[in-house]
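Colleague: Given next are the chains, with one letter for each unit.
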Amino acid sequence: MISNADLLTEKRPIPVSIKLGLLTVILAFLVLANLLGGTRWLSPALLMQLFEPPGNSHELLVLQARLPRLLIGLLAGMALAVAGTVIQALCRNPLADPGLLGVNAGASASLVTLSLLPVAAEWGLFWQALPGALLASACVYMLSLLQHASGQSQAPVRLILAGAAISAVLGAYVQARVLLNPQLFDGFRYWMAGSLAGLRWTDVHALWPYLIPSAITLWLLSPGLNLLLLDRSTALSLGASLQRHSVLAWLSATLLCAAATAVVGPLAFVGLASGHLARAWLPQSFRLLLPGTALIGAVLVLLADLMARTLLPPRELLTGILIAALGAPFLYFSARSAAGERSAS
Amino acid sequence: MSVSRFPVWQWGPLTIRAPARGAVKTAVFGTLGVFLALALSLTLGEAGLSPDRLLQAFRGEAEPYEHWLFWQSRLPRALTALGVGVALGVAGAIFQSLSRNPLGSPDIIGINAGASAGAVLWLLLVPGMSVAWGALIGVVTVLLLLIPGMGRNGQLSRSLVLMGVAINALAIALVQFALTLVQREQAQQMLGYLAGSLSHRDWQQVTLIATTLAVALPWLLLLSRRLGLLALGRDTAISLGVPLRTTQLLALVLATVLALGAVLCAGPVAFVALVAPHLARWNGKQLALLRSGLIGALLLLGADTLTLILPGTQRLPVGVLTAMLGGAYLAWILFAELFRQRTPS
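Respectively, the protein sequence lines represent chains A and B.
Per the working numbering, the first sequence starts with residue 979, numbered consecutively.
Per the working numbering, the second sequence starts with residue 1460, numbered consecutively.
Since the hints were derived computationally from the structure, they do not count as laboratory data.
One should not assume that every hint holds.
As the list claims (entries may be wrong) - Estimated spans, in silico, between C-beta atoms of each pair:
(1) I1606(B) to L1025(A): 48 to 54 Å
(2) I1792(B) to W1101(A): 52 to 58 Å
(3) A1690(B) to P1096(A): 35 to 41 Å
(4) W1101(A) to L1680(B): 53 to 59 Å
Each residue gets a CB set at the ideal place from its N, CA and C atoms; glycine is no exception.
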């Protein structure tokens, strides 16, 4: 969008295609770095043999083991980012993030509940975490609907606080279960911290059937979502069927973030930060915002994962802690600069 | 609102104002309630003392074991619960009033999580020494991070809470990360501390919490009139001559001292600080520091007594129980508030 100031100084904005192209190049670079980097760096020549049978080469085995981890980081980053952007538009709340709104805590709670039931013991982390994530997301959706109906001025902060409160309650429940069942704790404390380690091809296969349909649905819905960016009465007068659009969009966004969370564990802040960055850099149209946020989210997750594996060479840090370390200062400083602006004006 | 602040006696510069009728009522009922709760807490439970034994132990005529039980185990525990409850209730009331947000309690804006993260990292880095130092460092760090949230003119509601949410999320990620670094037994032990527990308290904790209260409460009572004016709105408070920044800063520091004292004595007990001020405000909107403190004390002692008498919860720390009770209450007020605001429009 060109403002008056830009016209006066004749400063032309960088074209969108160049921005998206630049992001793609960064992402491609990170993909290569993630394959080759780690506790041990591999030579790029090995990439040629990536899809050949391993034979006796130990290094090729390592490279091929890194492939599913890379794919999941890519998919999860994209899913979380897109879900964050869409939910931010639906709540009309620039601070909404599925992780902060309680989806992560819901996933953990259902994990500790279901993994002790004899029926669900064989399901694996993914299926045990998914129902809780979906349920928590539905709760938050109802809350935000009620909030719009009541037309509160303080809605953005309220929703975030409600999410934090829901997370705290579910967190206490998880704590109780874990304290009473020590053996449960050992199984999933790595998942709880948010980790991409030890993921296999089966996890990739569990993830994509949820992501592809949701992403396509959101893409098809994007003209309707654009109307949501306008204010509500304008959108209604332009003939948007808000209810149907929002329910479908929320469902797809929830599936995206619930599936991603179930596989990689609670990664907060990806949706928040990438939605924010995308809205600052790209035009306000979902046809561009969706791919843009997906790219940014994937870049964030892959960057965090690369750092997790290379910062302290003999050890491997967890991806979740690095994402929180990158994302929390982001929210902190944007809130802080908002405080400075308001007090200055 | 019926304010009956007469009669007033004056001797020269000294003015004594009879307390309002509400305050007298609160004091009487509060004292009765505290004694009743104390008696129940001491007599109930597996190792409880029957009333006549209680009296014997009190006069020092009981057998050595019961004497020890009363003086070294049950009484310190109950007194710690009372003191920590008062501290949490008052701290919660101040935080909520400062952030002008009914959910802005130390649980949500990162004080508790900061203490947890500090304690856990301390256990990792300096295993030999008491965790309390780590908790202290954590809380002070969080406080220092929160202070910039107050703009120059004392606009702090929104940004303070958001910065708190960011700090909270980062601290939780740190805790989860630390839990993956240690052996299972140590992680279990950390988890037990993190929930907030009242078992195995002795007179050291009672002295600590009593000192904290004795230091912070008089200051806060002096400040409470200003805080009440501040709750009426920023402009009103300024025009009535309240020095905004000093008041807020002082209140923030004192409330943090109270929260810190509570954390050092009982660990990060959840939700008491959030629920007590709500219950204290049930018949009005005014700030009720003392009432909130009393209710906090009753809540915590009651929850602790419940863990003693409920079957199967002996091994659960009291923090888990308060989180569950508080969470249910919280869900109820969130929905009730939203529905109430919806109906008039």
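Colleague: Can the suggested window of 52 to 58 Å be confirmed for the beta-carbon pair I1792(B) and W1101(A)?
Modeller: Given about 35 Å between the Cβ atoms, the range is violated.
Colleague: Take a look at whether the Cβ-Cβ distance between I1606(B) and L1025(A) falls inside 48 to 54 Å.
Modeller: Holds - the Cβ-Cβ distance for I1606(B) and L1025(A), about 51 Å, lies within 48 to 54 Å.
Colleague: Could you check the hint for me, namely that W1101(A) and L1680(B) are 53 to 59 Å apart, CB to CB?
Modeller: holds (56 Å)
Colleague: Determine whether the Cβ-Cβ distance between A1690(B) and P1096(A) falls within the hinted range of 35 to 41 Å.
Modeller: About 53 Å separates the Cβ atoms of A1690(B) and P1096(A), which means 35 to 41 Å is violated.
The structure does not agree with the numbered hints 2 and 3 stated previously, though it agrees with the rest.
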